[in-house]
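Participant: If you want the building blocks of each chain, they are given just below.
Number of protein chains: 2
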Amino acid sequence: MPPPPPPIHSPLSLRPHLLLLIRSRARTPLLRRRSPSRDPPLCRPRRCLSMRASAAATAQQTELGVEEAVVGFVTGKKKATEVAHAVWRSIVRKGDVVVDATCGNGNDTLALLKMVADERGQGRVYGMDIQDSAIESTSSFLKMAVDNDQQELVKLFPVCHSRMEEIVPKDTPARLVAFNLGYLPGGDKTLITVPRTTELALQAASRILSSGGLISVLVYIGHPGGRDELNVVESFASSLPADAWASCKLQMVNRPIAPVLILLNKKDLFQ
Amino acid sequence: MPPPPPPIHSPLSLRPHLLLLIRSRARTPLLRRRSPSRDPPLCRPRRCLSMRASAAATAQQTELGVEEAVVGFVTGKKKATEVAHAVWRSIVRKGDVVVDATCGNGNDTLALLKMVADERGQGRVYGMDIQDSAIESTSSFLKMAVDNDQQELVKLFPVCHSRMEEIVPKDTPARLVAFNLGYLPGGDKTLITVPRTTELALQAASRILSSGGLISVLVYIGHPGGRDELNVVESFASSLPADAWASCKLQMVNRPIAPVLILLNKKDLFQ
Chain A
91 MPPPPPPIHS
101 PLSLRPHLLL
111 LIRSRARTPL
121 LRRRSPSRDP
131 PLCRPRRCLS
141 MRASAAATAQ
151 QTELGVEEAV
161 VGFVTGKKKA
171 TEVAHAVWRS
181 IVRKGDVVVD
191 ATCGNGNDTL
201 ALLKMVADER
211 GQGRVYGMDI
221 QDSAIESTSS
231 FLKMAVDNDQ
241 QELVKLFPVC
251 HSRMEEIVPK
261 DTPARLVAFN
271 LGYLPGGDKT
281 LITVPRTTEL
291 ALQAASRILS
301 SGGLISVLVY
311 IGHPGGRDEL
321 NVVESFASSL
331 PADAWASCKL
341 QMVNRPIAPV
351 LILLNKKDLF
361 Q
Chain B
91 MPPPPPPIHS
101 PLSLRPHLLL
111 LIRSRARTPL
121 LRRRSPSRDP
131 PLCRPRRCLS
141 MRASAAATAQ
151 QTELGVEEAV
161 VGFVTGKKKA
171 TEVAHAVWRS
181 IVRKGDVVVD
191 ATCGNGNDTL
201 ALLKMVADER
211 GQGRVYGMDI
221 QDSAIESTSS
231 FLKMAVDNDQ
241 QELVKLFPVC
251 HSRMEEIVPK
261 DTPARLVAFN
271 LGYLPGGDKT
281 LITVPRTTEL
291 ALQAASRILS
301 SGGLISVLVY
311 IGHPGGRDEL
321 NVVESFASSL
331 PADAWASCKL
341 QMVNRPIAPV
351 LILLNKKDLF
361 Q
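In the order they appear, the protein sequences are chains A and B. All the letters of the first sequence, read from the start, carry residue numbers 91 to 361 under the working numbering. All the letters of the second sequence, read from the start, carry residue numbers 91 to 361 under the working numbering.
Rather than coming from a laboratory, the hints here were simulated on the basis of the structure. Possibly wrong hints are sitting among the right ones.
When chains are identical, the list treats them as one kind, so a pair holds in a single copy or across two.
For lysine to aspartate or glutamate, the following DMTMM-like pairs were computed, each having C-alpha atoms within a straight-line distance of at most 25 Å [stated by the list, open to error]:
#1 K168 <-> E157
#2 K356 <-> D239
#3 K184 <-> D278
#4 K168 <-> D208
#5 K169 <-> D333
#6 K357 <-> D333
#7 K204 <-> E158
#8 K167 <-> D358
#9 K357 <-> E209
#10 K184 <-> E157
What you are looking at is a predicted structure, and each value in this text was computed from that prediction instead of being measured.
Based on the provided sequences and hints, a complete structural model is requested.
Facilitator: Given below as structure tokens:
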């Protein structure tokens with residue numbers, strides 16, 4: 091396997107100080123961070139065991155097809171995130187470059203890695219999250235789930251997703267950019283992705299996406315600020331010209347706080 | 091094949107006089123019908139040829155799987171109606187009883203017939219449309235597409251869909267009730283399904299549906315009154331209790347007048 095390319099930025103430029111730059115709303119002040127005393131250690135024994143079990147389960151779980159996921163969603167048995175993963179698998183190919191714009195605890199990152207990992211080592215997952223604890227969780231999760239060669243295909247950056255163009259190489263358009271908006275599962279629920287930077291991130295994603303590629307946005311709306319963010323995502327999706335983009339929305343309408351899945355396909359006009 | 095059961099109502103009770111009962115909105119006055127002089131004959135030579143070709147094409151067309159339909163929809167290559175048909179095929183089985191609540195020109199009726207037609211002759215499609223010209227079109231369309239034995243499995247009634255409980259036998263819950271709301275394709279665009287009777291029809295459908303069954307509603311919104319009807323359907327879908335129903339909505343958000351697909355599954359609580 092050829093050696094992976096070096097990160098575009100020096101480690102210094104992507105140190106956690108960037109985590110402090112992006113907060114903008116009253117509910118999430120600019121410099122609000124969890125205090126160290128409230129931060130659980132990354133890998134306490136019980137959590138470590140739980141994460142190991144979760145990573146093993148995720149790495150080995152059956153991958154649903156689109157039919158099973160969609161019919162399961164329609165009949166209330168599968169979640170929107172399972173529909174998203176199944177659609178990703180239909181669009182992403184081995185060797186593709188993809189972006190996890192909100193790493194969280196690493197579940198999507200691992201799912202994406204399994205889709206792009208190829209024997210030639212060309213596939214890449216560029217992952218980012220504004221919370222350094224999310225990047226640490228994702229890194230630990232991947233270490234427990236896959237071998238070193240596959241870990242090398244993932245590039246993690248503790249940076250806001252609005253800056254993804256500084257991370258993904260310009261000559262490698264992304265086949266998929268995945269967003270999982272809201273708060274870090276298991277983390278501080280007041281630390282959330284926010285409309286202004288999400289809108290910038292969507293704009294950036296639309297620029298780095300390959301022709302035929304997909305922006306996938308799962309919007310959680312059960313927390314304060316969630317609906318504002320959905321409005322921004324819907325407004326962005328609606329504004330995309332129909333001759334160049336297909337923007338579709340899938341939601342449960344009798345579960346008011348169920349996450350909403352928005353899929354934005356940059357049409358391949360030569361197909 | 092055993093003989094098909096007789097219609098529940100005497101032919102007299104379902105004669106076209108019922109077509110005059112349901113119109114309620116200012117735009118569609120109670121007795122407004124197309125005048126005979128504007129009614130094209132049912133089967134002029136050119137139309138007949140076109141209908142024959144369409145029936146043959148529909149009867150022989152490749153049936154998309156859910157994956158191809160959904161990924162095609164996400165990438166702007168397939169229509170919502172193709173997603174609907176693919177989902178129906180995943181839920182409906184040979185021998186089922188299903189309802190086409192808005193026969194139109196018979197495309198959905200034929201698609202449903204192909205899903206339920208079985209060697210034992212137990213499958214049934216109960217079709218209805220408030221416009222007698224739609225019932226006539228559907229009947230002609232089926233005659234061109236399938237043999238007599240299969241035609242016998244379809245029971246057509248020129249009646250408003252709000253009265254479906256008078257048509258479907260009480261002891262045979264329906265696996266699927268399909269709505270295709272709006273105006274008759276190729277017909278008078280001012281003759282439309284209307285919110286009041288559509289709401290009554292949805293309530294009726296929810297009562298006759300089997301456990302595990304599906305109400306499928308494709309709402310066209312590009313004509314005057316279309317958005318009012320969508321509001322009624324969404325309101326109904328949202329009101330269904332989440333423990334007993336899964337109500338989901340699929341739509342293109344950057345094509346403002348694209349039809350919206352709403353799928354309502356009565357959960358099978360014993361599965």
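Participant: Indicate, hint by hint, whether the structure satisfies it.
Facilitator: Taking the hints in turn, this is what the structure says about them:
1. K168 <-> E157: both (11 Å within a copy, 15 Å between copies)
2. K356 <-> D239: neither (31 Å within a copy, 47 Å between copies)
3. K184 <-> D278: Classified as neither: same-chain Cα gap 35 Å, cross-chain 51 Å, threshold 25 Å.
4. K168 <-> D208: Cα proximity of K168 and D208: none, with 29 Å in one copy and 30 Å across.
5. K169 <-> D333: The answer is between: 15 Å across copies meets 25 Å, while 30 Å in one copy does not.
6. K357 <-> D333: within (8 Å within a copy, 38 Å between copies)
7. K204 <-> E158: both (19 Å within a copy, 22 Å between copies)
8. K167 <-> D358: Answer is between; shortest inter-copy Cα gap is 11 Å, intra-copy 33 Å.
9. K357 <-> E209: neither (29 Å within a copy, 44 Å between copies)
10. K184 <-> E157: both (21 Å within a copy, 19 Å between copies)
Violated hints, listed in ascending order, are 2, 3, 4, 9; each of the other numbered hints is respected by the structure.
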